[in-house]
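A.B. asks: In case you want the letters, here they are:
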Amino acid sequence: MFKFILKRLGIAIPTLLILIVFSFTLMHSAPGGPFTSERPLPPQVLANIEAKYGLDQPFYKQVTNYIVGIVTKGDFGPSFKYKDRTVNDIIAQGFPVTLKYGIWSFIIAVSVGISLGTVAAIKHNSITDYFAVGFSIGAQVLPNFVMAPILVIIFTLWLGWLPGGGWNGGQWQYLIMPVIALSTSYMASIARIMRSSMLEVLNSNYIRTAKAKGLSNRQIIFKHALKPALLPVITYLGPAFVGMITGSVVIDMYFSTGGIGQMFVNSALNRDYSVIMGITILIGVLTIAFNLVVDILYAWIDPKIRY
Amino acid sequence: MKSFTKILTAALIGTTFLVAPVLAAKVPAGTNLAADQTFTYRVLDEHSSVDPQIVEDVSGSEIVRDIFEGLLNQDALGNLIPGVATSWEASNGNLTYTFKLRKEAKWSNGDPVTANDFVYAWQRLADPETASAYAWYMEIMSLENAKEIIAGEKEPSELGVSAPDDYTLVVNLTAPLPYFAAMTTHASTFPSPQKVIEEFGAEWTKPGNIVSNGAYVLTEHVPNERSVRERNPMYWNDAETVITKVTALVINDEDAALIRYLAGELDRTEVPAGQYPRLKKENPNEAISFPRLCSYYYSFNVSDSGPEAFKDERVRQALSYALDRNVVTEQVLKGGQFPAYTFTPGTTANFTVPDVPIGQMTQAERDAKAKDLMEAAGYNKDNPLKFELLYNTSEEHKKVATVAAQMWKQKLGVEATLANQEWKVFLEVRGKQDFDLARGGWCGDYNEASTFLDLMTTPSGYNDGKYSNAELDKLMTDAKTAADPSANYTRVEEIMAEEMPIIPVYHYTGVYMMNESIIGSWPVKNVEQNWYSRDLYKVEK
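In the order they appear, the protein sequences are chains A and B.
Count the first sequence with my numbering and you get residues 1 to 307, in order.
Count the second sequence with my numbering and you get residues 1001 to 1541, in order.
Certain hints may be false.
Within a straight-line C-alpha distance of at most 16 Å, the following computed EDC-like cross-link-like pairs (lysine to aspartate or glutamate) qualify [stated by the list, open to error]: (1) A:Lys52 / B:Glu1129; (2) B:Lys1432 / A:Glu38; (3) B:Lys1206 / A:Asp89; (4) B:Lys1424 / A:Glu38.
If you are wondering where the hints come from, they were derived from the structure by calculation, not from laboratory data.
Here chain A stands alone, though its shape is the one from the complex:
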């Protein structure tokens, strides 16, 4: 197991390097640069700015300087657009925001999704099952860019219970609508996966044996069925977790939370090279890390899997 983890970490480094070089190249090949503007800058002024940000150097040198800066100093450079801020600043400010609403969304999506899926499977073809399936489909077809405005109209404009957006340090009032809007579709997916996987497990031979032994339903579900039924859900949860904690453009844009989901998209539109790279690397690292966590969880849940 230990060897497996080491090996995976060993692969992670070249993976990240490829990610950096690939993103860097793609980014620079996009038309327009960080200093392209409606009112083109005089050449001398542009040259001074490009010199300051190292854009006057040959491409390979920019890439190597960038990687060296990260490895030796942990420095992702200054933002090209928000000139009072470094990329480290921007991520340090925006990531905790998405982390907070992402983790809450994750907790709610997982707990409600798994419970709903399990209950639906146990009460297969009952009213409860139909409700659960109906809810999952409904939640899946209602994208968050539709749900967010609906929530705001109801809770802010009509009822006046919750602020229509903003973050304010992440007080609970500001957290509720982003979490609902973000978690619902994940919740629906988890419930669907859980339901079908649980149905399959409940129909398997060893469960029949357990029933024949005279075990109570509770024991069958919690001791024997739940763990194997979770396997497909866990495969889904790794990327889903990264997706949630690195934020959603829609949530950030609509609720003006100041999270990194929105910064990521804006930085691409602004050609804010250093911010694009910083967030790409962050998401890359998290994806690699949580895929590893999922693999480890696999081994723990399924004794057949050995590394």
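Place chain B on chain A using the hints.
C.D. replies: Showing chain B alone in chain A's frame:
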């Protein structure tokens, strides 16, 4: 951002000596001020910086104008009024300007604001080390040695600005600019605190570190979420300032912003296109629309890379004539925008809209003429004109383009295909003349017709369609030294109405929802929309 690319505000501020009364929030006697004097407004995007020498966007400049104060300010009508300088004088045939500074001006840490703070700031702006996108502003201001300093050929200390004593600032120019004083209302010329910048480096603009000399200080900044500025008790005119706290909230989505406005979270937000009539009906005292110094137009690519058809003036005219501006302003945008038949908006100071033929006709007459012109140019239903209309991705531009293409199709049988591109790609493509007909929008850098008409000159870097007319070029060159250039501008607009290098579509308006308690103090008549929170106040409803 207000810049002064090629300036001629001479007509406006030809004064060589001026002492105006000190003005802050002019609260009329008997006004019942509201208990709550906070102002919260929506900004579309995070500001680029609050460093006066670095800032380059509108929302950043709004903050800088509040937390710093330059030599001169603008009043609610856009006139020049004293800021840190109490008086100014031009001498040596407008080649030397001397500003007298007020002795009571202080930084927020209690230090006096001196002429050296301006010298430092201006040198810093030109210094290649600072790498300011607005370094060229010093060049446009014609400061001695600015060009050489930006090019790295001279030291910043050689810039033509000096402080013979703490309260006198002397500026030496290389060209006699009669309107130089007006240029000092621009944020990039505001003073900056040398000690603080040297102590904190790039971190100096963070709340807690920042020291400023305006009516407010920056107290909180959460990037992409909010920035808060509160009263600076050290400000020399703090006693006459009313608004206590100003909050800018970053809200990307204009519909979300509108809902938050309606829920009472904001005092000001932009009205999304098409929603003004409804909002005006529901909230007649809060929905406002006022003229801006901006024009929306389509540029014909008349360069070698452009379509052959557009080199024919009749085709350009026909397309312009057939575009019914009233449909665009009244049925698409609905925000009080003005149909445009000239490039320069009618609200521009000292500019009278000339009686160009297209402006005088009815739409039926224009349509008939357009058909004739198109026929004469050899295009008809069997041999339709085909081209691509390019715009940057946006719902609003799409609506306007769709309507335009539809009109051309119906009236002239023209087949215009629509193409949209993301902003930066669009700028690059348009800048390389890789288009047929492209959308353009231009806001005046200063309140004078040349800020628009200079775009049409041959050497202009903003002349996207590469239109060139020797007579027009000469008229614009002459205008810079003319005592009264308005005749030149009239003639330029006439040439443009004749040769139609662009299709002026409409002149923008500022369309806002604004808390009715603050609306009375908003400078709606300042077409440049340079507003200062220290001039605002809320009245009891």
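A.B. asks: Each hint needs a verdict: does it hold in this structure or not?
C.D. replies: The hints, checked one at a time:
1. For a cut-off of 16 Å, the pair hint linking lysine 52 of chain A to glutamate 1129 of chain B stands: about 7 Å separates their Cα positions.
2. Pair hint lysine 1432 of chain B plus glutamate 38 of chain A holds up; C-alpha atoms about 13 Å apart against a cutoff of 16 Å.
3. For the given pair, lysine 1206 of chain B sits about 11 Å from aspartate 89 of chain A by alpha-carbon distance, which is consistent with the 16 Å threshold.
4. Simply put, lysine 1424 of chain B and glutamate 38 of chain A have alpha-carbon atoms about 9 Å apart, close enough for the 16 Å limit, and the pair holds.
When held up to the earlier numbered hints, the structure conflicts with none and fits them all.
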